[in-house]
Structures are given as structure tokens and as C-alpha cells.
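Trainee: Here is how the chains run, residue by residue.
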Amino acid sequence: MSQADSRLRNLDRARWRIALGLTGVMIFLYFGFIALVAFGRPLLAIQLVPGLSVGILLGAIVIVASWSLTWVYVRWANNVYDPAVRALLESGR
Amino acid sequence: MIQAAGADSAIGQPNAIAMAFFFVFISITLGITFWAARRTHTTEHFYAAGRTITAGQNGFALAGDYMSAASFLGIAGLVSTTGFDGLIYSTGWLVGWPVVLFLIAEPLRNLGRYTFADVLAMRLGQTPVRIAAAVGTLATVTLYLIAQMVGAGGLIRLMFGFSYEHAIVLVGIVMIGYVLFGGMIATTWVQIVKAVLLMSGALLLAVLVLARFGMSPAALFAAAAERYGSEVLAPGKLVAKPMDAISLGLALMFGTAGLPHILMRFYTVPDARAARKSVFIATGLIGLFYLLTFILGFGAMVLVGPDTITAVDKGGNMAAPLLAELLGGTPFLGFIAAVAFATILAVVAGLTLSGAAALSHDLWVSVIRKGRAEPGEQLRVARVATLALGIVAVGLGITFKGQNVAFMVSLAFAIAASANFPALVLAIFWRRYTTAGAVTSMATGTIATLVLIYLSPTIQVDILGHSSAWFPLKNPALITLPLSFVAGMVVSLLTPEPAAAAGFTRLERQTHLGLEPE
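Quick mapping for you: the protein sequence lines, in order, are chains A and B.
Quick note on numbering: the first sequence equals residues 1 to 93 in my numbering.
Quick note on numbering: the second sequence equals residues 1 to 518 in my numbering.
Source of the hints: derived by calculation from the structure; they are not laboratory data.
Small disclaimer: the values here were computed from a predicted structure and weren't measured.
Each residue gets a CB set at the ideal place from its N, CA and C atoms; glycine is no exception.
One or more hints might be untrue.
[Stated by the list, open to error] Partner residues aside, some chain B positions facing chain A, computed with beta carbon under 10 Å:
1) Thr91
2) Leu101
3) Ala211
4) Arg212
5) Leu220
6) Phe221
7) Ala223
8) Leu248
9) Met253
10) Lys277
11) Gly287
12) Arg506
13) Glu508
[Stated by the list, open to error] Incomplete in silico selection of chain B near chain A, CB under 10 Å:
14) Pro270
15) Ala272
16) Tyr290
All chains should be modelled from the sequences, with the hints used to inform the complete structure.
Mentor: Now the structure itself:
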């Protein structure tokens with residue numbers, strides 16, 4: 001295996017670590033929310049200001065956090081992964 | 001300030017303004033189709049819009065492909081009648097999108113041409129995996145289509161006063177027109193127009209609601225709690241069974257990454273970078289939309305009232321249209337009705353196109369003709385398949401009239417999560433995956449899902465009227481998703497396949513480069 005090949009493979013591993021790690025965060029966020037819905041009713045019923053219950057706030061946070069995670073991934077892929085792959089492919093030519 | 005709508009709603013009567021909006025939408029989209037038809041000469045145009053769709057356009061089209069009438073009308077209705085419980089669905093329908101981005105979008109774009117089966121066929125035995133993937137695709141698409149068509153018939157009857165059958169036939173004809181002549185180019189633009197209309201309609205409605213509460217969502221929620229008790233702001237009886245919620249959550253989270261009509265959209269962009277950016281945009285649009293459903297749902301609860309909503313339609317589907325009528329009169333109701341119609345058309349067009357690709361690209365060209373189709377043959381077969389699927393969709397829509405089909409969408413997600421998603425993930429990630437493993441995994445996922453749904457309370461209690469069901473969960477994904485992974489992995493380990501492992505090395509390289517142009 002050439003040196004470029006093994007560097008490409010390392011880069012792949014880094015991408016899968018990021019992808020699987022972020023998927024794990026997503027699973028934790030959403031199923032954490034579901035677990036609270038199922039078992040944490042008293043907590044979710046607390047109103048922080050009149051009308052805004054913890055449950056509604058957390059629901060909105062899950063949505064915003066999902067989008068933020070996609071932003072984290074896209075930034076990493078654009079700024080780190082793409083340039084590294086391009087550099088490797090060009091050097092291997 | 002706060003008053004319930006009277007019984008003098010214009011819903012259910014022919015509404016001139018709704019008709020006018022509807023004809024404007026049909027004219028514009030048929031104009032687009034005419035324009036697209038002149039650009040659709042090759043298979044690559046028909047299935048993948050010549051790979052010329054930009055990331056921004058694809059982001060809107062993905063949102064337009066995904067947000068069905070169920071999410072617009074159904075969730076607003078659910079929130080307006082149950083409060084917080086409805087919001088659980090608002091979050092659930094979004095959380096699959098990051099998974100699509102992290103695991104699927106880029107490899108899919110670089111490894112396939114038109115269908116997700118391309119990714120499997122790249123390293124595994126063509127014929128068996130294409131047949132299995134086509135079965136998974138067609139099962140998902142058919143169930144989803146039935147739910148959309150039956151929903152369409154009911155909604156259009158309520159909003160335009162057409163008969164159910166006329167509504168179904170009309171949807172079928174217009175949808176076949178888009179796909180048959182304009183292929184993916186027309187489908188994409190119909191979805192973009194729909195996404196813009198849906199987002200602007202929902203935004204306008206939300207602003208009008210908030211204007212009555214000093215632009216404060218908390219004041220709106222407080223008004224709901226004041227009228228209907230603070231229970232509406234906390235989990236209620238919908239989630240009495242936590243395992244049901246978790247199982248449905250699994251289906252929604254991983255099913256999105258296995259929906260054939262969504263996956264197909266990633267082939268329409270020029271490269272993996274654009275695919276990535278388009279998911280980011282789609283997630284933002286869909287997330288914003290589901291946040292708006294918080295406002296629309298509670299707005300309808302406070303301003304229209306659950307009793308009025310369920311009096312018009314038992315399922316609560318008319319909450320958003322009733323709210324529009326209350327806040328903006330008949331013209332706004334007409335606009336929202338036309339938006340709901342556009343929503344249905346865009347989704348069924350995307351579904352039909354992906355079903356046609358499975359029939360022609362996977363089954364006809366790759367399995368029956370062994371990849372030796374005459375030039376132009378694939379395109380002709382795809383058009384015949386489109387017409388056939390369109391007619392089948394109309395037939396099924398009429399057959400299932402009056403049936404409770406809401407469960408079919410979550411069933412489609414369960415099959416996508418248990419048959420399509422595990423096969424795709426294992427093919428992309430796992431060197432030791434084999435043809436026998438892939439076929440076992442897809443067959444297990446599809447069959448186990450169908451059997452467990454049949455044995456579940458959804459069919460046994462709700463539809464057949466039995467007092468109990470053999471299988472306790474309403475959605476089987478909690479069992480079928482892990483089962484499909486385990487079956488695929490065990491069988492792969494028992495049937496080593498050197499060619500599939502060699503194919504994985506090729507796949508690893510290809511992940512960075514993309515396929516050569518045809």
C-alpha cells in the first residue's frame with residue numbers, strides 16, 4: 001500500500017469517527033428527549049415563564065440542535081476534509 | 001379579542017379564490033413541465049435532472065419532497081387538539097435529517113447513478129441485490145403513496161368540494177403529467193415551488209397568530225394553558241407507552257435515511273459537496289417549518305378551538321385551514337387550500353419517480369436485460385413505469401377510500417428503516433458484507449415489518465376490532481431494525497465472498513472521486 005493510500009485511509013477513518021460521533025450525539029439528544037417525555041413529566045410541566053414549559057423549550061432545542069449539528073459537520077467537511085482529500089489526490093497523480 | 005370561529009366556515013364549499021390559486025399553481029407547474037420536457041432527452045435527465053441542480057435548489061426540493069400534507073395539516077391538527085403531545089411528532093420528523101447527512105448523502109452521491117441499489121450493486125451480486133432493493137423501494141413507495149392519495153382525496157373534497165374520486169383522479173393526472181414529460185427536472189421545480197409556498201404560507205399564518213399575542217409565543221402558550229389547563233403544555237396520554245414512542249422514534253430517525261424518493265434527490269446535484277450543503281439547507285427549512293407548527297397548532301387551539309376543529313374533521317386535519325380562514329378570511333383559506341394541494345402533488349411526484357426508477361433501472365435494465373438495454377430503451381421503460389405507477393396509485397387511492405391509512409406512513413418509515421437503511425449502511429461501511437447477507441437483511445426487514453404490523457394493535461385492535469393484539473408495539477422498528485442488522489451480519493459472516501470484499505476496496509476509492517460520467 002502506498003503512503004498516499006494509507007493517508008487516505010486515515011482520513012476516511014477520521015470522517016467516519018466524526019460521522020458516527022455526531023450520529024451518536026443526535027441519538028442521545030432525541031432519545032433523551034423521548035425518555036424525558038416518557039418518564040420526566042413533572043419536570044417538563046414546569047413553566048419557566050408563564051406559558052413556556054420546559055417540555056416546549058426542550059422540543060424547540062432538539063430541533064435547533066439538530067440543525068446546529070449539520071452545521072458543525074458541513075463546516076468540518078468543507079474546511080478540513082475536502083482540502084485534505086484534494087491535496088492527497090493531487091499528490092498521488 | 002379571542003373568539004372561536006363560527007360554524008359558518010367556507011370549508012367544504014367550492015371556493016372561487018381557492019380555485020383561482022389552484023389554477024395559477026397548475027398553470028405555472030405545467031409551464032415548468034413543458035420547459036423541462038424540452039430538456040429531458042436522456043436517462044440522466046429523466047432520473048437525475050442531468051445532475052445540474054444546485055445545492056440551494058436541491059435543499060428546497062428535498063424539503064418540498066419530504067414535507068407532506070400529513071406534516072402540515074396533520075401535526076398542526078394534532079397540536080391543536082392535544083397540545084404538547086403533537087410537538088413530539090414535530091421533533092421526530094426532523095431528527096432523521098442529520099443522520100442522512102452524516103452517514104448517507106455523500107457516499108450515495110459518489111457511489112451510485114440513479115437509485116440506492118446502485119451502491120449495493122457496485123460491490124455485491126447485481127441481480128439478487130437489485131431485486132431485493134427494488135422490493136424494499138416499491139413497498140415503501142406504495143405504502144407512502146396510498147397514505148398520500150387517500151389523504152389527498154379527503155382534503156380536496158373538504159377544501160374544494162370535489163367528490164373523493166374526482167380529487168384522486170385529478171391528482172393522478174396532474175402528477176403523471178409532471179413526471180412523464182418533465183421527469184426529475186419538472187419534479188424538482190414543482191417541489192421547489194411547493195416548498196416556497198408552504199414556507200411562506202406557514203410563516204404568514206404564524207405571524208398573524210403571534211400578532212394577536214404581542215408577538216410572544218409564551219403569551220400564546222399561556223393563553224392555551226389558561227383556557228384548556230396547563231396539561232396542554234406537558235406530556236399527556238399519547239405517550240402512556242414509552243416503548244411505543246421509542247419505536248416510532250427509531251423508525252422516523254433511521255427511516256428518513258432509507259426513503260427512496262429522498263435518496264434519489266442526491267443524484268441530481270453535481271457532486272458530494274453540493275449534496276452535503278443541500279442537506280444542511282433542507283434541515284434548516286424543515287426545522288423552521290416544524291418550529292412554526294408549535295405556533296400554528298397552539299394558535300388554532302386558542303383562536304379556533306378544538307371542538308370546532310374536530311367538528312369539521314374528526315382527525316383535526318382542518319386546524320390550519322380554519323385558522324387561516326379566521327385570520328385572513330376566505331382569500332387566505334383559498335391560498336392555504338392551494339398550498340395543501342401543491343404539497344400533495346410534489347410528494348406524490350417524487351414518490352412515483354423513485355418507484356419508476358426502481359422498476360426500470362433496477363429491475364428492467366439491470367435484472368431482465370442484464371445491463372444490455374438498447375439506447376433510449378431505459379427512458380421508454382421509465383415512462384411506461386411512471387404511467388403504470390400513476391394508474392396504480394389512483395386505483396389504490398380509490399380502493400382505500402374511507403379506510404384509516406394514517407398508519408401507512410409510519411409503516412413506510414418502518415420498512416425504510418429496517419430494509420433499506422441497514423443494507424445501505426452495511427454496504428458503505430463494512431468490508432465483510434456479502435450478497436447473501438444483503439438479501440437476507442433486506443428480506444428480513446421487509447417481511448418482519450409487514451408481519452409485525454399485521455399483528456400489532458394498529459391492525460388487530462383499531463382496524464379488525466379485536467380486543468387485544470399479539471404484538472404490543474404500534475410501530476415495529478424497535479425489533480425489526482436491529483433484527484435486519486443482525487441477520488445481514490450473521491449471514492455475511494457465514495458466506496465469505498472475496499469479490500464483495502474486493503469491491504469494497506474499489507468502493508473506498510470511489511467514495512472520494514465519484515463515478516465517471518456516462
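Trainee: Decide, hint by hint, whether the structure agrees.
Mentor: Checked hints:
no. : hint   : in the structure
1   : Thr91  : 5 Å, holds
2   : Leu101 : 5 Å, holds
3   : Ala211 : 17 Å, violated
4   : Arg212 : 14 Å, violated
5   : Leu220 : 7 Å, holds
6   : Phe221 : 4 Å, holds
7   : Ala223 : 7 Å, holds
8   : Leu248 : 9 Å, holds
9   : Met253 : 6 Å, holds
10  : Lys277 : 7 Å, holds
11  : Gly287 : 5 Å, holds
12  : Arg506 : 13 Å, violated
13  : Glu508 : 7 Å, holds
14  : Pro270 : 14 Å, violated
15  : Ala272 : 9 Å, holds
16  : Tyr290 : 6 Å, holds
In this structure, the hints that do not hold are numbers 3, 4, 12 and 14, in rising order.
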